[in-house]
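Residue numbers (the numbering used here), protein chains in the order written: chain A, 7 to 387; chain B, 8 to 124; chain C, 7 to 471.
Take these hints with a grain of salt, some might be off.
[Stated by the list, open to error] With a cut-off of at most 25 Å between alpha-carbon atoms, the simulated SDA-like pairs for lysine to any residue come out as follows: (1) K283/A with E104/C; (2) K169/A with T409/C; (3) K283/A with D106/A; (4) K169/A with S408/C; (5) K283/A with T409/C; (6) K39/B with T409/C.
Hints listed in this document are in silico derivations from the structure and should not be mistaken for laboratory results.
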Amino acid sequence: MAGYDVCIIGGGLLGTATAYYAAKAGLKVVVLEARDLAAGASGAAFGGVSVGIYSYSSTRVPPPYVSISKASLSLYHQCQEELGAPLDFDANGSLDPFYDEQGLARGRERAAGLVECGVPCQVVMREDLRELEPALSDAVAGATHCPIDGHVTPMAMVCALAKGARSHGAEIRTSTPVEAILVERGRAVGVRTAVETISAGWVVNTAGLGAAGLAATANVAVPVDYSRGQMFVSERIPPLLRTYVHNIKQTHAGTIVFGATRESGVTDVGTTVAGTKEILAWAVRLLPALAQVRLVRSWAGIRPVPPDGYPIIGPVEGVERLLISVMHRGVTLAPVIGEIMTELITTGRTKHNIEPYLLSRFADAPAGSLGEVQEKFYVAG
Amino acid sequence: MSPAEGAHRPGHDARTEGVRRGAAFAVTVDGKEVTGHEGETVLGVLWAAGIRTLHVTARTRQPRGFFCGMGVCFDCLVNVDGRHGVRACMELARPGMVIRRQQDAGSFPPRGGGSHA
Amino acid sequence: MLETEIAIIGAGPAGMAAALAAAESGVAATVCDEYPRPGGQFFKRAGGSFGLGPAHLGREHEHGERLRRALTEDRIRVLSDTLVWGAFGEKVLMLYREGRSEALRARAIVIATGAYDRPVPFPGWTLPGVLSAGGAQTLAKTQWIKPGARMLLTGAGPFVLPVADSLLRAGVEIVAIVEATRPREWWRHAAALWGQWPRFAEASAYRRMLRAARVPVLFGHKIVRAEGEETVTGAVVAAVDKSWRARPGTERRFAVDAIATGFGFLPNTELPDSMGCTLRWDAHGQAWFAAVDDMMATSQAGIYAAGEITGIGGSVVALDEGRIAGLSAAEHIGALDPARAAQLRAPVQASRKHLQGFADMLNVLFAPRPGLWQGLIGDTLACRCEEVTAAEVRACVREGCSTPKEVKDWTRAGMGLCQGRICRSLVVQAIAEERRIAPGQVPRSSVRPPIKPVPMGALAMSEMP
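Just chain A, same shape as in the assembly (with noise of 0.2 Å):
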């Protein structure tokens, strides 16, 4: 039969490492990209790769995405022997300060509820944070740590990803739009472009911004939000930062990356000065040396967010042989996506529980689109 095992729609990070893990596994991959690789979110992402922090959550983070988050961490690891090309990958954890009694509260909330589910966690004062982190101001009262935390350069992971996956017989296309999911007698059996029809065995949508409207084509709901992120990154500057400060973390290079707004229903990848001034002042505030550095970069860009703020992923009903993944932090989880992916397609299971996490908890949902896709969304600068 022509075609492939498996046809991925989207090249970022989630589409990348379901390619990785699905050519490994000796599947017959293509990865179809509608512009370039991470153009979308995960071009523009943060990069915390992390347990400890989770900004949508109520205090205590949920056991199963506890787990899968735990999981994937230790893949990050993997993936920095196995893949071969450098990902600016360092786990030296991560910091989520707080400012006052509640804040202290909070995270001793959140530090037991990861202690239990097996994850290193503690509340760190303020004068034992200054040894952690000697540049973080005084306002700040303390701190959860989550020592096994750590953060990565998303662009490195997704092109460390694609030449893994190529190593493997993956097959990557850019510039190739899909206009529709082909389901025939209530199974996905490929996709069609602009210009031709690929057949395969199994349909991953892993789309991102593009992801509801195509999953549309196979009269598949997904309700998906949309919330604009506005980054800014500084001049080079001696070393300041160990850890992952939520959400500030020094590159390899010596640039501070930090952000980001959350700005729900934008859709344009602009830079506001509102948005500036929000970031910088709460940057600034944290790490006090900042204030003489300077800004050089800012860029955007725009998360696909499921309605409770979890990730959705895996089977869809009524349509076999198609699996969804769309989240907002699909930095941290990318890797245990594309194992969870790989598991479902060659053996039908997963041995991750992601039960909480299926398409079907949206039954009642309105469907989320951003119509057609736009030039607009997509990472500038």
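Based on the hints, put chains B and C in the right spot on chain A.
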């Protein structure tokens, strides 16, 4: 003129003769006292004193002077009164300024993939 | 928040002319300029504390003084040492001045941000003492400090003449002026010289100056290498063919302590680009310029562009374009009725057309030729800020990167403090060569604020527009 004559000699004042300048004052460059005049930039003061290396680059440790002279290229970086990375060509020299020539910040790990930052 | 009728960005010839035209039309204008005093590059001069006599001052000095005096009139507010770090929404400019980030709202905007010397790489080009022609001239002209005791000037086109003039007045010994073209190439364009008598007079005056100073001029040559350890000590030039490729076996070495390169200019189009104004590729200028009509209007309503950012034309064209832009901006906000505006513009438009004809001829004659980029190979740096070599850029393109953004993401070229101003044209040239396409076909990266680096503390306390 033989090739060596007239060429830059460190310590030789590169100021044009016969031009009346503003009030003279002292600044220090890496701890040493150097003369500046009102109206001169930090670059002017350094260059006039025969100083050619304003900073050393991070990756390959190369000396840099100035290139565009108009605030575009960010080559002429020095540390002024504790502020790092100041463009010497844009900064007016002032009495008592403490100027330090600097080594650039940053490191350059091997690259293979992309980065926004 | 500051409010103004017409905001003018840049106080060079175009910006000053726009301000004066606005004021004449009864309109309040605010000029924002990065430098400590108006004049831009063409009218740059030493500050008031220098005592200068006629032997020091050049031909354009008086004109510059007249313009600066005119700017002091009531309706014009000049904000010097002021950076426009971004343009937002409905004609809101964010300024960085006196350590603070402030908003300026205008009803019309004239962008006159000028140009900077085209970077041309060759082995040794990052050595202290290797300068752009403009940079050498600035040090000599505004501070009367010699960029070098013995200098070599290398380039293409007449800009090297006023640079040589400034350097000689400052007491520099110029060992040679090295011009890439040969005089016999110029006569093809003789027709464009008709009626441009002031340009002849200028050129003759410069030639006399060079003869009097006994400066040797080498035609059909270019720099191939700068030599030296901590600082430049030698300039090696070679004869070139019609494509400016070095002819083997023709190298000559000059002992120098500074080299100035003058191969044209690149426009500062970041602001119009970020405001959504259409840019046009100019094949001779090998750069993207702001596209304007004959009223100096860009593709964005109420936004005008004038001077070198619309096309390299020198100060005389810039003065005309600034005036046209100022009148059009005044018309846009209703201060001048269209008939009157057209009447005032007509003679200036005619003058501009006449002068631009000459400038166009120069742009064609002295346009960069393929051999100019011979130095963009190997260990020679393409990105000076992030120290990315030409070889690294080319390798990245061969591995599949086809846009400057991808090259930046892979190599860091363009991520430094100059925000790609030095390396962008070089990366584009490398991509064009490796992929065998014209430089104008290489996709452009988007421009984001801050237009130049700004301290974060100031941005954190930004005034909200």
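Status of the hints after comparison with the structure:
no.: 1; hint: K283/A with E104/C; verdict: holds, 18 Å
no.: 2; hint: K169/A with T409/C; verdict: holds, 19 Å
no.: 3; hint: K283/A with D106/A; verdict: holds, 23 Å
no.: 4; hint: K169/A with S408/C; verdict: holds, 17 Å
no.: 5; hint: K283/A with T409/C; verdict: violated, 31 Å
no.: 6; hint: K39/B with T409/C; verdict: violated, 47 Å
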